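Peer 1: Counted the way our numbering counts, the sequence shown spans residues 12 to 163.
Please note that the accuracy of each hint is not assured.
[What the hints assert, rightly or not] Derived SDA-like pairs (lysine to any residue); straight-line CA-CA distance at most 20 Å: (1) 135 / 50; (2) 135 / 117; (3) 135 / 62; (4) 135 / 69; (5) 135 / 47; (6) 135 / 125; (7) 135 / 61; (8) 135 / 70; (9) 135 / 39; (10) 135 / 76; (11) 135 / 59; (12) 135 / 99; (13) 135 / 107; (14) 135 / 100.
Just so you know, these hints were derived from the structure itself, not from any lab.
If you're wondering where the values come from, they're calculated on a predicted model, not measured in any experiment.
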Amino acid sequence: MSRPPFTLPAPLRALLGRLPEAPPAHALALALNIALARGIVSREAFESFEGRVIRVEARDAGCGLCVTFLRGRFVAGGRPADVTIRAGVADFAALALRREDPDTLFFSRRLVIEGDTDLGLVVKNTLDALDWDRLPSPLARLARALASAFPR
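I would like the entire structure built from these sequences, with the hints used as guidance.
Peer 2: Below is the structure:
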């Protein structure tokens, strides 16, 4: 018997939709910069998108974050977004845990790219090319915790 897809509880969804975007956007920018510094994410993949704004939205959480690539690093914020990448929380977790590839989610319409599709495809392809072996140990522990929170 297959398990129903994960959904956020309504009270958590309501809370997340009311939180300010800035603190988690700064955390995302920091995480992406650490990934750049450690070679987990290729800086070259983003160099041609200087000043472009990427928005990541968790549709079932009712929230999203914007980051901008400026002078070789990510910074929080920036509007309007050049591209929006939207998926459910469980789908983002499946991507991070390598349980699903971006193409599968994209073609099943669980991962949606709106706006500048060239930029969106670079981001999607960069997700495919992540080098998880370079993940710092605290993030590796977080990934293992996510894996147990989102069982197959």
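Peer 1: Each hint should be assessed against the structure and marked as holding or not.
Peer 2: Hints, verified against the model:
1. As the CA atoms of residue 135 and residue 50 are separated by approximately 17 Å, the hinted pair is consistent with the 20 Å bound.
2. Distance check on the hinted pair: residue 135 and residue 117 sit about 9 Å apart at the alpha-carbon level, within 20 Å; holds.
3. For the proposed pair residue 135 and residue 62, the alpha carbon gap of about 18 Å is at most 20 Å, so the pair holds.
4. With a C-alpha separation of about 15 Å, the suggested pair residue 135 and residue 69 falls inside the 20 Å cut-off, and the hint holds.
5. Simply put, residue 135 and residue 47 have alpha-carbon atoms about 16 Å apart, close enough for the 20 Å limit, and the pair holds.
6. Taking the CA atoms of residue 135 and residue 125, the gap is near 12 Å; set against the 20 Å cutoff, the hint holds.
7. A C-alpha spacing of about 17 Å is found between residue 135 and residue 61, which places the hinted pair at or below 20 Å, so the restraint holds.
8. Only pairs whose Cα atoms come within 20 Å are accepted, and residue 135 paired with residue 70 is accepted, the gap being roughly 17 Å.
9. Between residue 135 and residue 39 the alpha-carbon distance is near 16 Å, which keeps this suggested pair within the 20 Å criterion.
10. Using a Cα cut-off of 20 Å, the hinted pair residue 135 and residue 76 holds, with the two alpha carbons roughly 16 Å apart.
11. Of the supplied pair hints, the one linking residue 135 and residue 59 holds, its CA atoms being roughly 15 Å apart against a limit of 20 Å.
12. Proximity of residue 135 to residue 99 is assessed by CA-CA distance (about 15 Å); at most 20 Å being required, the pair is judged to hold.
13. Of the pairs offered as hints, the one joining residue 135 and residue 107 holds, with about 12 Å between alpha carbons and a cut-off of 20 Å not exceeded.
14. Under the criterion of a C-alpha separation no larger than 20 Å, the hint pairing residue 135 with residue 100 is consistent with the structure, at around 16 Å.
Hint compliance for this structure: no hint is broken.
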